[in-house]
Every structure is written in structure tokens, then in C-alpha cells.
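Enquirer: The lines below spell out each chain.
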Amino acid sequence: MTTLLIIIFIITLFYSAISGRMFTLINLLMIQGFLLFGVALIELRELNLLNLILILLETLIFKAILVPFLLKRTIRQNNIKREVEPYMSGINSLLIVSVLIVLSFILTFSLQDTFHKIIYFTAAFSAINTGLFLIMSRKKIITHLIGYIILENGIVLLSFSVGNEMPMIVNAGILLDILVSVLLFGFFLSKIKDISKDFEITKLSKLKD
Amino acid sequence: MIGVILILICALFFPGIIVFVKSRVTGRKGPGFFQPMKDIWRLLKKGNVYSKTSTIIFRLASPVYFASVIMAMLLLPMGDSPGIISFRGDFIFFAYALSLGKFFMIIGAMDTGSSFEGMGASREALYSMLIEPAFFILMASFGMLTGYSSFYEIYNSLYFDSSLTIFTGLLAVYVLIQIVMIENSRMPYDDPKTHLELTMVHEVMVLDNSGFDLGIIQFTSALKFVVFGSLMANFFITPEMPLWLSILVFIAVQIFFAALVGLLESFRARHKLRDNNQAILTLTPISILVFFSILLIITNQF
Amino acid sequence: MVILVFILCSFLLFIVPNKLKPYFNILLIVALVAWSSFYAIQVLLSGVSFSEILPVTFWGHSIELIIDPLSAFFICVINFTVLTGSLFSIEYMKMYGHKSSIELSIHYFSFFILHLSMILVTMIHQGIAFLVVWELMAVSSFMLVIFENEKCSVLRAGINYLIQMHIGALFLISAFILLHLKTGSFDFEALKLYFSQNVNIPIFLLFFVGFGIKAGFMPFHTWLPHAHPAAPTHVSAVMSGVMIKLGIYGILRVTMFLQADLLWIGVVVLLISLLSGVGGVACAIIQHDLKKLLAYHSIENIGIIGIGMGIGIIGIALQFPVVAFLGFAGCLLHVLNHSLFKSLLFYGSGIVYMKTHTRNIEYLGGLIKKIPLTALLFLIASLAICGLPPFNGFVSEFLIYNGIIDGLAGQEIWIKVLMLISLAGLVLIGGLAIFCFTKAFSVVFLGNSRKSDISFITEAKWYTTAPLVIIALCILFIGLFPQIAILPVSFVVNSQFANIMTSPEAYGNLPLIQNVGIAGMVFIGIILLILVLRMVITRHAPKEYADTWGCAYNGRIVNGQYTASSFAENFSTIAQPILNQKTNYKPIDREDIFPKQRGFETESEDMVEQKIYSKFIRSVNWIFSKMAIIQTGNTQHYILYAFLMIILLLILTVLTII
Amino acid sequence: MILAYFILTIITVLLVLLKHKVVHYIAMSVFTIGQLLLNVYLGMGGKPGFEDYFKVDSLGLIFLTLLSVVSITTIIQSFIYLSKRKDSIAHKSYYFASMVVFIASMSGVFISDHIGVMWIFAETTSLSIALLIYHERTSEAIEATWKYIFVSTIGLSFSFIGILLLDISISGVNASMFTFSELQGLFINTQNILMLQLSFLLIVIGFSVKMGVFPLHTVCIDAHSVAPSPVSAMVSTSLMNVGFVAIFRFFTLLSHSPVAGWMSHVLIILGGVSILVAAIYMVKVKNIKRLIAYSSVENMGLVALAIGVGGIAWFAAIFHLIIHTLVKSGIFYQIGQIIRFYKTKKVYYLGKYFSVNPIGAVVIILAFIMLSGIPPSGFFFSEFMLFSAMFKGDYIVIAVIVMLLLCFIIYTIAKYFFKILFGNINPDLLEKGEKISKWETIPQLILLLGALYISIAPPPFLSELIQDALITLPK
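Protein chains in written order, with the numbering used here: chain A, 1 to 209; chain B, 1 to 302; chain C, 1 to 658; chain D, 1 to 475.
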């Protein structure tokens, strides 16, 4: 069952590569949130109750509902142009994302770690790579945020595969940090508004040598 | 002590012979042998005219020049009697004493503040700088040949048996002649009788001297001729020669040298000023040639 | 313990009011001079080396001050010149009245620290402490050089100087590290163990380059012609008189322990010093700035000292004790002589600068009429530097000449040829020095003043010219009584260079030197005799004063005089390819009806600096500007760099390259 | 004890947010006293509480003391800095609040033993610094802050992936707690080398944003050039120490494993490249603060090189950092004074500072001597040890290149510093500058003289402290 969910997770990565509009990206985020919630529900049954609730809280509430809602609100408020202006065409980005996913397959096989399921690793690494690729290839700063959250989803997937070594406080701390960073991004987005109305990254490059 | 007296005597008649030979060659009767000396004697008693811009340096220049040549004279041996002062490496003192005299002549000339004397001074400084290596390499190679480094010991232990040694001796004499011609700025390098200041070297430096100073300078140039002449004469004087024979040989060499200078001057035209540099510079390779021939003598593979 | 007291009370300089600062500074320096030379003279006389352990421990090692004969000799040289420097600075610093009190106190403080660090450099044998004091000397002299910091050329020269000193120190650091790797200790004595076991040349070359940059040998000399004109006079006198010699001290200290392949080292040292001797004086001839001219002459004299050292090393290599003795004795005596006449020359140029506020000799002239005593002293010093007989320069060059001539008796042919080349080089240096100093002396002091108005100039104060007169007397004393001057030098050479078999001939040349002294006295006697003769003969002869003969032009010739560049012109045409003298003059083109005012000016850059150093730095700057693409300001690029770095390192690890 | 400390920080943050001038003074002084107490208590060997998350070893103690020294002077300088600016009271309270959180999270990193806890504190440092960089409310400030937070969170997520991989690679061995002290000996015979290499790689690249080493140093430079000078002093000294401590702890963790040789090569490459980058840009940069930021990058490159080279270079690395922290913070305060006087950061308009403020100029000269590694400065000895270690480990070629680059760097620093001190600019720029009070330079002088004292006569307890920070490393 979890492998099915993870495969859907990888499919959402493909779709994120070719999505042209901001709202499809945010919906993909929502789907990923639910998928993670499902994986967590099935995978981490033997955890103590409090830890489990914390993780479920984090994946469901935070990733599936709160962040997409915040992003949509900022887009509507600052009436940012809806298109995602990538540097390259959809096809090229799709090719690159698939190459990245193949690379993460090769990486996991070369790590020959027998203790953990390989599928977790590949999904985690491919999510991390696609997150990075999204950041590097899109002009809009909002897509940078979305790319960062996809990266975070990859990390959460990786931490599931670690199982339950991480004590509860540490998980709480990590979730807190991610939440605060997203809040800060939101706060500074409003500040960036007066520099570049439609949040172009190219406007943010005055400080150079 | 004999050397000094002999040099002073020869200096008296040396310029006379040069003038006599030059006039005889051009068919003139020419003045007596001691005419230049009479002129110098007349100058010594005359008054001096000093230029307003010149200072004590100018007054010091000609006496120091004269003293440096006398100092050089004291160092020279004569046959088997060494010079008044002779020690290991005294030819270094000989050369540097002469250059001290030239140093003072140059700054004396510059003291008058005239452009002509400046020209002469800078040319004199350049030419003296170019010929010094030649003299040193010559004396050093003879020092290497004999194993000593003072005039007296070098000349004592010199003996010319094989043809190569004679050849190197003649080459050395040729180099010494050229050095004297440059030192006194005689014909091939500078024409003493020319009146065009722009092309003169030594004469234009002493332009502003008068009276006693001019007299000393003319006497020193004669003295310098004889000093270098005695350097050449010592080649021909072998230690076992009796005294009277060595004196005769010495005077004969001086007379022959004076005549040679006279002949050279009457048949040679003056170099262009720019070519002077190369002409003088050729002396150093010749002395290096002397050095290598002596090298061959020592390793006796000739 | 005394040194800590010195350092503490040198901090008092910051509190002393401006008026008393120079005197307090002299007090400090006199105290240090007294303390250090008391021990140094004791060592020189008794021969037993003095050592004292400093209470403060430094990185775990306790610092030990050892004064052996070589360092005692150098301490005396340092003390004498620094003393005269501080005396000279009293009047000279009055020119800088406008400076703030903190600048003045920094100046005096770093002057004292320079003196202290120079003394300590000769005393410390422990590697790390030696390096610390070595670079302390560089920093304090840097602070002194940039004293007149309102001019940007002074700042550039100072920074250039500091960086070159640092590069020299890096050479020394790597040399000491290599020494430490093989022998486990940083001391100079460990060199003996090191040299006995492994190849001598590489570590000697490191030491030679490190000390050579400080000494100013030709290929690494580029800081010298910039730093000396920038520094105030008494500083540049101390720097070029003494601080350069510590480079020579370092090289001597290393050569003492050399055991293997001495011949090649001697040849290398000889060739480099010949290059720097001839090159230094050739560049000096076409200089217009008096201090820059003197700086190039420091390079030339370092070349002569180096030739003496090279001859000494070759003498040891070929087992010629006499040649070795003559070489090293000539080298050490020339160190003393050069510190004397070079500081005198710098003080003379300082007085000229103080009175006329310009160093460009084209504007000067006729100063002897206004400041005759300084002119006379400058003349004595320039005679001494050209090595002319009655003065001290001749004595040390005489020793080196004898060393070369005795060296001519070497077995192999190529050694004889090498000796011939060094003989010719030394003679050429002497001839060029005469050419250069006749120009310098006559253009600055003789004739009429070319551009600057010198009517109101008066002689410097008595307490400024007093040290100068003392130095001139010492120059004359060494020239006329060399056998006394040679005593400490021969003692140092015989005790330090133990492998020179102290053979009887080595002591044989003491009477040899005496003859030079006697000859000098006879020479002066003859000059006096002729002067008296002239006075007697021309007693009644009339004396008139008229204008210089001007080929029918009877006005006073002022700018008709021979200038410095025209004096040096016929030499620079010969040496054109080496000196690359540039003349910038815009010719009047044909259709220019009313040509504007034109100026003719020749200026010369330093060939070595131009061709090697500036070209290297320009190319590195060009490469750097091409490589500066990282900081583009775009966030995506920054993340891309991290991503690419991970991929790159992963590939390297997989291919097991790392 | 740690709990008391964090409660203190929360209280001070709340107090400071009350937007009242006097409250700021009281709160901040209480916080500094608390910080000092914590430091002294831990120095005396006190137990920090929460045994399995926090443990004080000598490495942490060294950098904690450095942090408290620098934070005291920073807070003093911040009061002076803020008193001169015309910001609103709310603005000032945000500044102090984020400063307190910043200092607390940094001390958290130094004393934390659990890897996850350390990562959390590292993450809070980068978040808490956002408001500090943004203090001057200019458009460059926004750009620099956005870049800094974004890139540092991504960098830290890289290192978090590395930590997870590390955790996975030891999951077979049943380690009770995922802390540095427990994991110390576990990696001696791990077979899965590629996993270890990948995790170390990600950790080093991730923390390079904190330590200011090659790949992610770029955002540090922007943050420095925009932040107020007390903040940039804090960033370039203690924040870079945080990066160093993190990387050094992982280095000691894996130093016994078969991957040790590879690790030192990676660090040498990163260190060398960051020195090269610093040299390239120092020649080109025109802004005085960016110049000093690049000099921090260069020093951190040297330290990374020293970790990689090993042997005596480890001692040199820590010694270098101690001197660097004291000197760099002193310089930044002085640069802040200069910028306040000349009202610009472009070096072209700075000059004649010696006549304006002699004592400040003496500080600059002292700082130059310390920075350039000329003997009285500690850098001379640390570089000496570094080079001897490199000569021993036959990295001679790299040593020569580094020496050359250092010469270039010293040349540029000298050129800029002495242009500021003595360069001549048009005089009317000088008159309208505000009067500088002598007392401001006192803390800088104390810092520099402290650094001078440590470099000339290193106190024995300091070298013992450094020695036993290196016990766990292979001899």
C-alpha cells in the first residue's frame, strides 16, 4: 500500500515539472500533503501515540491545508500574475526531472543499504532533486517557496524511512523550524512587493561584485 | 729612487720629441726639444684668472690631478730596484690613484658651470670608465702568469723565452700605448690642436684653467706619457741587466715611444665622436686575448 | 631583562610633549647603544661569546640572546649609524612641525623599535623568535617609511615595501620549516646537522632569497628605489646604511654552517652579486631623484659585498685559505664602510632637501657657495663610495681585488674565467660609480643654481653637521689606518669561519694593508706639497676674477649649464636596451602655427621591475578579473553552485580521484 | 541550568518587546549577566541539565566564552549604534529581541550534544538573524535578508539530509541516543563507505553557509555588507564559529572511520577554493564592509584547510579562530564608526581618517598588523603551524599557492586600510562628519589588545583547553 502512495508521489513530481500555472503547483502540494499523511498513517503504527499525533498533525494540517491556503491568499492579495515563467520550456524541464529521478534511483542502488526499503530513498531523493530544480529554473519567487516545500516533503519522507530513532522533541523542533521559516518567507514576501511587483527574482540581484 | 729621477728627466724632453717628429714629418723645422718645457715654465710664473662661478673645488682640481700622477710614478719599479712604495696589489692603487685625479679634473671642469666643460667632463668620465677594465685584465693576467701581484715582482719574474710570450708582451705594449693615447686624449681619440669645443675631450675640460694650474696640467700629461712609457720599458729590462744598460734601454724606449706617438699623430685622422666608444671598447677584448694567451702559456699546451 | 625595561619606557614616548620628543628619543637610543655595544665590544675584545636567557618564555621556548663575534661586529655597525641618524633627526624633524603629536610619537616609537629589533635580530638564534623580530623590523621600518603619508606615492612605496618584506619572510618561514622537518629544531646551529646530512643547495637558496630580498640583490631589489626616497632622510640613512646589511648578516650566518657543494653556491652568489652590482650602478646613472640615485647605489654596494662573499665561499670550496680570508674580510669591512659613507651621503641629501625642498637634481646647482661644509662632506663620501684611494671604500675593495687575483691561481679553467669576469665586473662597477658620482656631486653642488632660488640658504645647525663630520673623520681614519680597522674584521672572520684554516698567510696580509694606509698618507702629503708650492710661486702673481669663458657669450650662463641627463646621455645611449630610458616630448607638427609651451623630460623605469614584476602582477590581475563570476547576485546561481559542488565531489569520489 | 537560561531569554524577549527605552537597558543587561553566569557555571564544570541533549566539552566551552565576550561588546556597540540612528522605538525593540534570540541559539549550538538539537539551534540562528540584517530597511537590506534566509534554510536542509543519512548508516548498530558522545567510536569498521561520504559531503556543503566556506559563502558577503556593523561583527565571528563547530564535530566523529583521508581532501579543496575566491574578489571589491567579509571568508578557508591538513594544524585552526573572532569584531565596530562618520561605504570617498580620529586610526593600524599575520599577530603563529603541517603532509604545492594568495590578500587589505587612514579626499567631506567620542573605541582596543596578548604569550590554560578539544582526533 505505501509503495502505491509513494509512486503517486513521484507522479506528482512529474506534473510539477510541467505545470505552467501557479495554482496547479499549489494543488500538487496539497496532494503531496495527503499522500504523506497516508504514508505516515500506514508506516508509523508502532510509534507511541503522542509522537504519531504530532507527525500526523504536521503532515495533514500543515502541509495539506495551511500552506496551500496561505500561498493562494498571498497570490490573490498581491494579484501576482498567475503564470509560472520558467527559463526553459515544459518539455525540457520534464526531461531534466526524469533524468534527476533516474539519477536518484542509481544513487540509492549504489548505497546498497539493506536495512531500509529502497522505494523510500528513491522518492525522497527525487523529491529533493525536483525541489531544487524548481527553485533553480523558475523566475517567480512563489515557485521558489513551492520548490522549497517539495524539498521539505522529500526530507520528511526520508525521516519516515529512518523510523522512530528521532525522539519526539527533535521532531517537534524540526516541524517548528519549518513552520517558522515558511512564516518568515511570507512576511518578507510582503516586503519584497515594493521592489518587484510581480516577484521577479531578476530584480533581486543588485548586490553583486 | 732611480726610476723616479729617470721619469722626471724623460718627461722634460718627451713632448719636445713629439713636436719635433710631427714638424719633421710635415717638412717644417720645428721648435727645439725643450720648447714645451719653456712654455710650461712661463705659465708657472704667470697670474691666474679665476671664473666667478668656480669655487675651491676648481682650485683643488689641477694640484690633485698632478699629485695623482706623481703618486702613480712613485709606485713604478726600474729594473731590479723596486718603486719607492711597492706592495702586493699596488697596480690597483696605481689605477685608482689615476682615477682619483680624473675625478677631481671632472668636478673641477663642472665647477666652472660652462656647457663646453660639461661636455668634456662627461666624455672624459665615460672614456676613463671604458678603458679601466682593459688595464686591470692586463695586469691581472700578468699577475696570474708570474704568481705575484706587485709591479716589481711581476717584472722581475717575467722572462720571454718562447714565441708566444713575446707575442703577448707585444700585445700588452700595444694595449698600453692605446691606453695612454686615450688617457691623454691624443690623436685617434681626440685632436689636441682642434679649436671646435663641441668635439674636444681633454682640452675642453681644462679650458678655464690659467697660469700655474695650466702649467701643471700640461706637465702632468707629459709625465703620464713617461709613466706608461716606463711600464712598457720594464718589459724590455730583464733583472740580470747591469744598471747602466737598463738606464740606456729605458731612455731608448722612451724616445722610440715619443717618436711613435708623433708618427701616429701625423698620419692618423680623428675618430668620429660616436665611434670613439666602440674604438675604446675594443681594448678590453684585446686584453682578454692577452689573458687567454697567458692561460695557454701556463697550461703549456701551445 | 633590560630589553623589557627598554620597551616599557619606549611607550613613554606617547606621553612626552612634542618639544621633548626628539631628545627623549635620543636618550632612549643612546641607552640602548650603550648597553648593546658594551657587550659587543667585550665580545670582540675577549672573543668569548656572551649569552643571556630572557625570562619571558615564548611559545614554550625560552629566548636566548647570544652575541658571538659576527653579531658583535654588526651590533657596533648598527649602533654607530642609528646614533648618527637620531642626532641628525633633531633638526630634520623640525620640517614636520605640522604633524600631529600622535604621528610624531608613532614615528619616534617605531624608530626605537626598529633599532631594538635590529639589535635583537643579530642576537637571537632561535628560529621562531628570529622570524618574529625579523618581521617586527619590517613593520617598524614600514611605519617610518610612510611618515610623509600625504603623498600617495609614499603610501604606494610603503605598501610595496611591506609586501616584499613579507614575501621574504615567507621564504624564511618555509626554510625554517624544512629545517625543522629534518632536524627537529629551529635553531641556526641545527643547520650544521642539516647540512651534514642532506643536500645543501635547496635550503641555502631559500635562505639566500629570503635574506636577499631584504639585502636588495638585483632580481629582488624593486622595493629599494621606491622605499628610500619615500622615507625621511634619517630613516632612509638607517635603512640603507644598516638594515640592508642584516640581509647580508643572515646569509653569512647560513654560510658559516655550509659543508657540501660550496663551489656551486659560491658561483651563484658571485654571479647574482655581479648582476646586482653592475645593474644597480647602471640604473643609478640615469636617475634624477638624488635619494633614488643613492638607493640604487646601495644595490651596487650590496653587489660588491656579495662579490666578496662569493669569493670567500669559493675560497673555502677550493681550500684557498688566503682567498677565503680576503673575500670575507673584504665583505665585512665593506659592510662597515658602506654604512659609514652611505649614511653620510643620505644626510647630505637630507640637508639639501631640508634647504631646497626638492630632490630633483635638475633644479639644483651651485649649492657649494651656500653650504660649503655639507658639500665638502658629500664630496668625501662620494670619493669613498667610488673606492678612491685615501678613503675607506678603497681599502675594502682592495681586499676583494686581492682575493680575486689570488683566486686566479685556481686549477680549473672555468674558475679562472669566473675570476676574470668578477674582476672586470668590479672594475666596471668602480668606473660607473665614478661616472655617476661626478654627475651627482657636480650637478647638485657646483656651477650655478639651475632653477631653485638658493640666495637665502644657510649652513645647517652645528649639531646636525657634527655627526656628519664625525663620520667623515671615521672614513678618513679607516682609509689611512686600515690595519686598525682590519683587526676586528679579521678576528670575526677567523673565529666564525672555522673551516678557514687559520694559516700564517691569512695573518700575513695585515702588514699588506698597512702599505695602503702609508700610500694614502704619502698621497695627501704630495697634494699638500703642491698646494704650498703653488702658493709660494704665485704669491706675487695677479689674480683676477672674470666670467667663465663662454665662446664670446659673456653673460652669466645659468640654464646653459650641463644638466644631469645630458651628462648621463652618452652613457645611456650605450646602455639603451638595458635602461629603456623614455623621453616624453611632443614634437611640433608642421601645421601648428602657434605651438603651445613644450617640455622635454626623460624618465626611466626599472627594467627588472617592469619586465618581470609588473608583467606578472598585471597578468594575475587579468586572470582574477576573468575568474570573478561567482558573485552574480542571483539566488538561483548561489544554490546552483552548492548543487554542482556536491555533484562534482561525488563524481570525484566515485572515480576515487580525491 | 539550561532551562533557566532559556526561560531568561524568553523573558528578556518579552520585556524588550514592551517598547520602552529604559526597559531595553535593564533587559539587555540582565540577559548579558545571565549569559556570563551560564558561561562561568559551565566553565566551572557545572552540569547543564537535560543530560542526553546537552553536554559541555572543551571545544564548546572555548567558543561559548568567545561568544559571551563578543556579545557583551556587540550589545554595547548596538546601544551606541541605535542611539545615533533615528529609528522608532518598536524598530529598536525588534532589533534587541532578535539579537537575544540570536545569541541564545548560538550558545545553544555550542553546548548541544544531540545532533538534531544542534541542527535546530543552527536553524534558529539563521531565522533570528533575518530581522537584524533587515534593520536598515533599505531595498538592499530586503534583498540581502531574503537571499540569506532562503539560501541558509536550503543549506541547512542539505545538512539535515546528511544527518538523516548518517542516522540511517548507523541504524543497524543499536545506539541509544543520536548524540556526538555516543557515536564517537561507532564508525571504525563501517562497510557502507559511500553512504558516509555522501552524508559528510551534504553536511559540509550545508554548514558552509554558516561557516562562510566556498559553495554558499556568497550570501554571507551580501548579509555582511548590508547589516549594521555590530550585527555583521556578530555574524562574521560567532556565526562562522557555529559553522566551524558543527563541521569540526562531524569531522571528529568520522575521523577514525575509513573515510578520514577522503574527508581531509574534501576540506582542503573547499578551503583552498574559498581562499582563491576571497583573493579574487578582494582585489575587485570597492565596498569596505564587503572587503572585510571576504577577509573572513579567506580566514575561514584557511581554517578549513587546517582541519583538512591535520596534525598540528588542528591546534592552529582553533587558535586561528580565537584570534580571528577577537580581531574581526574589533575591526567591524571601528568600520561602523568610520561609515557613520563618512556616511558611505565606498572606499573612494574614505580618507584622512588619521587626522579625524587618531585613536581609531591606531586601532585600524593594530587591526591591520593582526590581520596580515605579521609577527606580533597570532595569525603568524597559526599560519606557521599550518604551513609546517602542510610541508610535513607533503601538500607543498598547495602551501606555495596559499602563500601567494595570502600575499595578494595582504596587499589589498594594506592598500584599502592605508587609503582610509592617509588617502587624500576633498576636505569638505571631512567637516560635515559628526564628532566621534573617544570612549567608543575603548571596547575595540580591549578586544585587539586581548588578541595581541593571547598571540604573544598564549596563557597555559588556553592551550590545555585546545589540546583536550583535540583528544578524540587520531594522533
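Treat the hints loosely; a few may be bogus.
What the hints assert, rightly or not - Cβ-to-Cβ under 10 angstroms is the rule here; a few derived chain B residues that face chain C:
no.: 1; residue: Gln35
no.: 2; residue: Ile92
no.: 3; residue: Gly143
Said to hold, decoys possible - Some chain A residues flagged as far from chain C (calculated, every beta-carbon gap over 10 angstroms):
no.: 4; residue: Ile135
no.: 5; residue: Met136
no.: 6; residue: Leu183
no.: 7; residue: Leu204
no.: 8; residue: Leu207
Read the hints as simulated data drawn from the structure, not as lab findings. Quick caveat: nothing in here was measured; it's all calculated off a predicted structure. No residue lacks a Cβ here, since even glycine has one placed at the ideal position from N, Cα and C.
Enquirer: Hints first: check each against the structure and report whether it holds.
Expert: Hints versus structure:
1. Given hint, Gln35(B) at the interface with chain C, is violated; its Cβ is 21 angstroms from that chain's nearest Cβ, farther than 10 angstroms.
2. Here the hint on Ile92(B) is kept, as its CB sits about 5 angstroms from the closest CB of chain C, short of 10 angstroms.
3. Hint status for Gly143(B): holds, given a least beta-carbon distance of 5 angstroms to chain C, under 10 angstroms.
4. Not every CB of chain C lies more than 10 angstroms from the CB of Ile135(A), the least distance being 6 angstroms, so the non-interface label is violated.
5. The beta carbon of Met136(A) is not kept farther than 10 angstroms from every beta carbon of chain C, the shortest such distance being approximately 5 angstroms.
6. Non-interface call for Leu183(A) relative to chain C: holds, since the shortest CB-CB distance, roughly 19 angstroms, exceeds 10 angstroms.
7. Listed as a non-interface residue, Leu204(A) fails to keep its Cβ farther than 10 angstroms from every Cβ of chain C; the least gap is roughly 7 angstroms.
8. For Leu207(A), the condition that its CB be more than 10 angstroms from all CB atoms of chain C is violated, with the nearest at approximately 5 angstroms.
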